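Q: Numbers given in our numbering equal positions in the sequence shown, counted from 1, plus 939.
Derived by calculation from the structure, the hints in this document are not laboratory data. It should be emphasised that the depicted structure is a prediction, and the values quoted were computed from it without experimental measurement. Take the hints with a grain of salt, since some may be wrong.
What the hints assert, rightly or not - Ranges of calculated distance between the beta carbons of each label pair, as one might list FRET restraints:
(1) Glu1029 - Val1007: 22 to 32 angstroms
(2) Ala1092 - Gly987: 34 to 44 angstroms
(3) Thr1011 - Lys1123: 38 to 48 angstroms
(4) Ser976 - Gly1110: 17 to 27 angstroms
(5) Thr1011 - Asp1115: 35 to 45 angstroms
(6) Lys1052 - His1000: 31 to 41 angstroms
(7) Met1085 - Asp1032: 15 to 25 angstroms
(8) Arg1019 - Arg1127: 29 to 39 angstroms
(9) Arg1010 - Arg1046: 18 to 28 angstroms
(10) Arg1125 - Gly1013: 37 to 47 angstroms
(11) Thr977 - Ile1104: 14 to 24 angstroms
Unchecked claim - Below, computed lysine to aspartate or glutamate pairings styled on EDC-like, alpha-carbon distance capped at 16 angstroms:
(12) Lys1052 - Asp1014
(13) Lys1052 - Glu1122
(14) Lys1052 - Asp1032
(15) Lys1123 - Asp1103
(16) Lys984 - Asp1032
(17) Lys1004 - Asp992
(18) Lys984 - Glu1122
(19) Lys1052 - Glu1064
(20) Lys984 - Asp1115
(21) Lys1052 - Glu1068
(22) Lys1052 - Glu1029
(23) Lys1100 - Asp1045
All C-beta atoms, glycine included, are put in the ideal place defined by N, C-alpha and C.
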Amino acid sequence: FQHIQEADRYFADGIPCEDGTELMNIILIGMPGSGKSTVGVVLAKLLGMHFCDTDLVLQQHCGKKQQVIIRTEGDAAFFRHEAEVLATLEVRDTVIATGGSAVYADRAMQHLKADGKCVYLRVSEAEIERRLANFSDRGVVIADGMTLADLYAERIPLYEKYADIAVSAEGGTVWDTARRIAEKLRAR
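Input sequences plus hints: build the corresponding full structure.
A: In structure tokens form, the structure reads like this:
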């Protein structure tokens, strides 16, 4: 019942944009395993918004799982498919959970940010390592010889570049993270 009361409070107040209108989309970015999809569903419920997982849109677009795309077509083809899907995504009043590699596509990120605010779900490298004990099953694009630590170091500056706000996705529940996001967006 507490979650329903919170949703009413957040939904009634709306999330303001810089031009005085209400926010159209919330774009979640961050490392694989940071909780974008899980937090995204809860955030959408909390704010009375739609939800879109771009990893699923990509799989539907290509007709195969991400791991299969990476294995059969290669990293470069995967990035092209992902960039195309993101750059042509047209949604409103939606929480968008992007794939961890979305930040490699500048044109796509600019397209997404044109209609919303970008939230970086910040998680420590150690926690990502713990959450992704077997990341080969998740469709994570990682170059041969690259470690998860290398990938983390490469992507963090990109997440920071595109983020309008950063929110810790460690400690507490998924609802706690969703609340922190909503509160930071409302305060902007």
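Q: For Lys1052 and Asp1014, compute the direct alpha-carbon distance and say whether it is at most 16 angstroms.
A: The given pair, whose Cα atoms are some 24 angstroms apart, is violated under the 16 angstroms limit.
Q: Tell me if the straight-line CA distance from Lys984 to Glu1122 falls inside 16 angstroms.
A: Between Lys984 and Glu1122 the Cα gap is close to 15 angstroms, so the pair holds against 16 angstroms.
Q: Using the beta carbons of Arg1125 and Gly1013, state whether their distance is inside 37 to 47 angstroms or not.
A: Since Arg1125 and Gly1013 have Cβ atoms about 42 angstroms apart, the given range 37 to 47 angstroms holds.
Q: Has the hinted range 29 to 39 angstroms been met by the Cβ atoms of Arg1019 and Arg1127?
A: holds, 33 angstroms
Q: Is the hinted pair Lys984 and Asp1032 satisfied, with a Cα-Cα distance of at most 16 angstroms?
A: Holds, at about 12 angstroms.
Q: Tell me if the straight-line CA distance from Lys1052 to Glu1068 falls inside 16 angstroms.
A: The hint is violated at about 29 angstroms.
Q: Quickly compare the C-alpha distance for Lys1004 and Asp992 to 16 angstroms and report which way the hint goes.
A: holds, 14 angstroms
Q: Between the alpha carbons of Lys1052 and Glu1029, is the straight-line distance 16 angstroms or under?
A: holds, 12 angstroms
Q: Cβ-Cβ distance between Met1085 and Asp1032: within 15 to 25 angstroms?
A: violated, 37 angstroms
Q: Looking only at beta-carbon atoms, does the pair Thr977, Ile1104 fall within the given range of 14 to 24 angstroms?
A: holds, 19 angstroms
Q: Return holds or violated for the Cβ distance of Thr1011 and Asp1115 against the range 35 to 45 angstroms.
A: holds, 39 angstroms
Q: Does Glu1122 sit within 16 angstroms of Lys1052, going by the straight-line distance between their CA atoms?
A: violated, 19 angstroms
Of the hints listed earlier, those the structure fails to meet are numbers 6, 7, 12, 13, 19, 21, in rising order.
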